[in-house]
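> The whole structure should be built from the sequences, with the hints applied where relevant.
One line per chain: the protein sequences are A and B, in this order. For the first sequence, UniProt numbering gives the first residue as 1, with consecutive numbering after it. For the second sequence, UniProt numbering gives the first residue as 1, with consecutive numbering after it.
Derived from the structure by calculation, the hints contain no laboratory data.
No copy labels: a pair is met if it fits in one copy or bridges any two.
Cross-link-like lysine-lysine pairs, in silico, PhoX-like; alpha carbons within 25 Å at most: (1) K583 - K74; (2) K448 - K30; (3) K33 - K495; (4) K34 - K451; (5) K74 - K59; (6) K79 - K60; (7) K608 - K448.
Fair warning: this is a prediction, and the values are worked out from it, not measured in the lab.
There are 2 protein chains.
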Amino acid sequence: MEGALTNSSSSTSPKGRGVNFSAPRNFGVKLRKKCKETFFPDDPFKPIGQEPNGLMKTKKLLEYFIPVFEWLPKYDLQKLKYDVLAGITITSLAVPQGISYAKLASIPPIIGLYSSFVPPFVYAVFGSSNNLAVGTVAACSLLIAETFGEEMSKNDPELYLHLIFTATLVTGIFQFAMGFLRLGILVDFLSHSTITGFMGGTAIIILLQQLKGVFGLAHFTHKTDVVSVIHSIVVNRAEWKWQSTLAGVCFLVFLQSTRHIKQRYPKLFWVSAMGPMVVVIVGCVVAFLVKGTAHGIQTVGPLKKGLNPPSIQHLNFESKYLGMVLKAGIVTGLIALAEGIAIGRSFAVMKNEQTDGNKEMIAFGLMNVVGSFTSCYLTTGPFSKTAVNYNAGTKTPMSNVVMGICMMLVLLFLAPLFSYTPLVGLSAIIMSAMLGLINYEEMYHLYKVDKFDFVVCMSAFFGVSFISMDYGLIISVGFSILRALLYVARPSTCKLGRIPNSVMFRDIEQYPTSEEMLGCVILQLGSPIFFANSTYVRERILRWIRDEPEVVEFLLLDLSGVSTIDVTGMETLLEVQRILGAKDIKMVLINPRFEVLEKMMLSHFVEKIGKEYVFLSIDDAVQACRFNLSKAKPEP
Amino acid sequence: MEGALTNSSSSTSPKGRGVNFSAPRNFGVKLRKKCKETFFPDDPFKPIGQEPNGLMKTKKLLEYFIPVFEWLPKYDLQKLKYDVLAGITITSLAVPQGISYAKLASIPPIIGLYSSFVPPFVYAVFGSSNNLAVGTVAACSLLIAETFGEEMSKNDPELYLHLIFTATLVTGIFQFAMGFLRLGILVDFLSHSTITGFMGGTAIIILLQQLKGVFGLAHFTHKTDVVSVIHSIVVNRAEWKWQSTLAGVCFLVFLQSTRHIKQRYPKLFWVSAMGPMVVVIVGCVVAFLVKGTAHGIQTVGPLKKGLNPPSIQHLNFESKYLGMVLKAGIVTGLIALAEGIAIGRSFAVMKNEQTDGNKEMIAFGLMNVVGSFTSCYLTTGPFSKTAVNYNAGTKTPMSNVVMGICMMLVLLFLAPLFSYTPLVGLSAIIMSAMLGLINYEEMYHLYKVDKFDFVVCMSAFFGVSFISMDYGLIISVGFSILRALLYVARPSTCKLGRIPNSVMFRDIEQYPTSEEMLGCVILQLGSPIFFANSTYVRERILRWIRDEPEVVEFLLLDLSGVSTIDVTGMETLLEVQRILGAKDIKMVLINPRFEVLEKMMLSHFVEKIGKEYVFLSIDDAVQACRFNLSKAKPEP
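Dropping the structure here:
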């Protein structure tokens with residue numbers, strides 16, 4: 001072949017340095033591998049398969065699917081001591097939070113208490129995190145209320161409650177299905193930046209919602225965006241009650257100082273954990289003594305004694321509400337998953353433990369399915385409770401069992417006492433929790449390190465604050481996906497030069513001392529080459545050549561970073577070869593990866609390019625080009 | 001530092017082989033570079049900036065934006081000869097196609113002729129392709145009719161026509177804006193596979209639509225999907241007319257044989273190009289002689305003499321139609337762009353010429369804006385006409401001017417003659433054109449090379465055939481984007497080994513002879529590491545380590561293929577380091593690229609990992625690890 005390169009590596013040379021042109025793998029093999037990588041990246045069944053006999057295999061499988069079988073046999077008194085302490089501590093947080101968040105969702109406060117009784121038992125059996133404490137969360141509570149709208153909660157509170165149970169069932173089934181189908185991949189698309197911004201924005205709107213309680217307003221908007229809420233507060237300024245505001249400020253100052261104490265002296269974490277309970281008790285006592293309701297201090301109102309009544313007969317699948325129910329269930333389910341999994345993982349990492357996202361989804365799902373049958377609404381792993389649980393030294397999910405038992409006692413004997421809780425106290429508790437969710441430092445960190453991450457974060461933050469929670473989330477995820485697509489649509493290319501006295505070729509811009517090879521342009525392509533970026537890749541390659549001041553005779557494309565290629569991508573490379581061929585420039589490919597080379601073989605691409613133009617390393621290719629150049633020179 | 005690696009390359013060693021830890025670039029610099037890569041990958045203004053003085057710069061700029069200034073001064077008689085020949089040939093195709101496609105869009109046939117008169121002049125001025133012939137296309141014509149629905153076209157044909165002009169204006173503005181904003185990137189997401197499938201599916205449904213003409217049916221469904229159409233033909237079998245069917249089959253056989261001749265003897269391309277005109281003329285004569293209408297052969301009906309009347313006063317922006325108009329305009333605009341650009345580019349590549357996607361968009365946009373003012377509907381670069389133009393030897397866009405002039409003559413003098421054209425003749429012309437658009441070979445090629453590409457193609461094909469054109473397109477693009485996201489969500493990793501007697505490290509699976517390094521696991525990561533794949537990357541790395549039979553002391557991550565990283569990605573790597581640290585495994589990073597290293601510096605990631613754990617090449621890292629291992633061994 002005229003002008004062919006002397007490619008010492010093209011065939012099975014004795015040195016064994018050739019490109020491996022052997023036949024591509026079977027399609028079935030590749031598909032199985034791909035599916036495994038997509039859905040089972042952690043290869044969970046491998047240890048089970050290694051067990052010698054069927055009995056052990058069943059045992060391992062049971063342990064895998066129901067984690068309680070793994071940790072309970074190893075359980076001892078020492079661990080129990082810690083778990084009991086942690087369980088009691090989180091109960092003291094669960095009571096006020098349960099009541100407060102139920103208020104946020106516009107449902108009877110007792111539902112909030114019910115929700116801390118049944119689900120923790122379910123989680124203890126199926127959950128894989130040792131630190132997570134089960135409970136309701138502010139963001140999802142508000143989001144549920146937003147989805148169904150205030151009208152329904154006012155006009156027909158019974159129907160409203162039943163729809164919320166139904167949405168909880170939907171959430172449960174959705175979460176379970178996601179875990180079962182191993183679709184943890186969907187949660188991955190809620191990036192860290194999105195969650196930071198979403199939490200911050202949610203905190204802002206929940207904080208503003210609480211001003212209703214602090215100012216003791218009777219009339220208030222039911223929209224959640226910043227503008228409507230501030231407008232509503234200003235318009236209703238005639239209703240402001242100084243008693244309420246004073247109490248609110250006192251409580252908030254108290255709660256924030258307990259937080260401050262915790263930050264100063266981490267050992268005193270229980271001061272902060274007990275804080276909300278103290279506020280509730282003090283509030284109840286004061287409200288009872290001064291007959292607060294007469295002075296315009298609103299209280300929670302009647303709370304019935306007794307355990308969760310069944311709610312399975314109330315589930316409502318009427319088609320006219322089904323759309324709303326599905327939307328509420330799925331959106332809150334996704335957010336609850338993202339929050340719960342992220343939080344569970346963060347704390348596990350601190351202890352060098354592992355949590356399994358797919359197992360967590362199944363546990364959350366079962367918890368909500370069972371919850372929806374027993375008068376509970378959506379539960380997940382809230383940040384504040386989990387942090388307290390972690391600090392209290394929990395060792396296993398047993399702390400959730402302890403919390404469940406404590407909650408049972410509260411429901412059986414103490415519930416009516418909490419009916420005097422002043423709303424302003426609850427508002428202060430929520431506000432204090434929300435202040436901790438606005439993560440300024442993280443936002444500043446994002447701003448400094450990655451401007452696009454910052455934009456994603458801010459779009460969630462401002463979207464939630466000024467539009468609504470679901471739009472904020474959608475906008476932010478949209479930006480993230482746009483970014484992901486931009487990555488693939490505009491993969492970075494760079495020109496390589498030789499690091500002096502070595503066979504390494506590196507980015508010339510990054511290593512300015514590296515030397516260019518005369519007559520050769522060496523480009524490193526990153527990412528897959530496929531339909532979404534093939535035009536760009538072609539333009540960019542041609543531009544590199546155009547920008548070259550010297551005469552170019554060889555274009556060397558380093559494909560080490562190209563993880564895959566599709567039909568459009570290969571056509572693009574052929575097009576580049578044709579265009580360059582017309583300018584007497586030869587195209588050389590270097591180190592195509594396994595999958596890429598397989599496709600090139602299947603589509604006869606290698607034959608079209610010529611095997612002698614495919615090399616295993618840049619150095620080999622440069623040697624061959626130079627040899628060819630020096631040989632070609634004397635000819636004319 | 002205890003256990004630190006002896007990294008000869010960590011500082012500015014005399015050999016100059018160190019990792020370049022210099023300060024990151026300024027944000028502004030990076031942003032400008034990023035924007036340039038995203039929107040101006042071909043760097044179009046560079047040659048202009050190189051001009052010495054302002055006058056030359058203006059001239060170059062004018063030449064850039066209005067390509068006619070570039071080619072017209074160099075125009076000569078020799079080129080004119082070819083262009084006149086090509087122009088006349090494509091006119092003979094434009095007349096029957098214009099009438100047929102207007103029928104497809106349910107608008108008066110004369111509009112189809114108008115659409116081949118004004119737009120070609122506009123394209124000749126602004127277009128950058130030398131091969132493209134301007135005209136209407138079947139797919140978009142049918143899609144427009146589908147969007148507005150048959151009811152409107154029946155009940156109020158005037159309003160229907162005015163809305164189509166308005167949609168054409170929307171298309172024009174949209175295409176112009178896309179070109180102006182350099183959003184060619186959007187067209188990239190219509191992959192080759194999608195277009196193959198979409199064209200095939202469209203050909204199927206258009207073929208079926210033509211059976212109405214061939215069977216001479218009076219009643220026919222207005223749905224486009226295969227099931228409805230076949231059902232409609234069977235139900236109305238009482239209306240079948242053998243005269244019509246016979247004529248249709250004859251015409252089709254004639255046209256297909258001219259195509260066959262062209263394929264056999266490419267020099268005789270004009271036989272095939274003139275075919276449709278012959279059908280029309282023969283059809284007219286026969287219909288006139290036998291008084292076809294009396295025998296149930298339907299004809300086109302009255303065609304007025306005269307040039308395009310202005311239509312600017314008919315544009316209709318009433319809000320109740322606006323949604324439909326915008327949808328029709330934008331969807332057809334996108335498809336027309338994708339088709340026009342892809343076709344223009346395919347032919348340019350054969351001649352080793354270049355077309356500029358963004359310029360083409362501007363030209364198409366202007367063409368449609370002007371068209372919508374002068375009673376034309378959507379035009380682009382149809383495949384059949386462009387192929388004929390190319391074969392006829394066109395040299396410049398002047399052939400479009402010639403076609404425009406010929407069309408003017410037709411409109412002024414010959415139009416009424418064509419009113420005798422039998423519909424069955426038009427049906428045969430369309431069917432013959434459509435048969436060429438089903439690209440079986442390409443589909444089989446996709447099936448063989450890339451199963452996912454095949455799925456994308458088939459989803460467009462069957463989606464268009466059995467649901468509707470827009471859904472088919474959306475499903476297919478959805479699959480493509482899903483694939484793009486899967487690429488980034490599940491980047492391939494592989495384990496590297498040393499190729500014997502070299503310093504090259506390659507995929508062990510691909511090169512089975514390569515040697516593993518004792519105590520070290522070397523992994524190559526591909527693609528960016530960011531939110532969408534960070535969980536996967538972590539799981540995958542940990543699994544590689546778990547699967548290792550020997551004791552692992554070092555994990556070497558080759559980051560050469562990692563084109564970028566975000567905050568979540570860096571946290572993931574730190575998490576991996578912490579988890580491995582607990583197992584006494586040290587993590588070493590190799591050759592982070594420019595952008596990646598910059599972000600690592602900004603977020604103090606490098607300090608957390610330790611500079612001595614970052615190497616420039618795998619070989620350096622392996623040397624350091626081995627040195628460390630041999631040193632560590634004797635100690636205990």
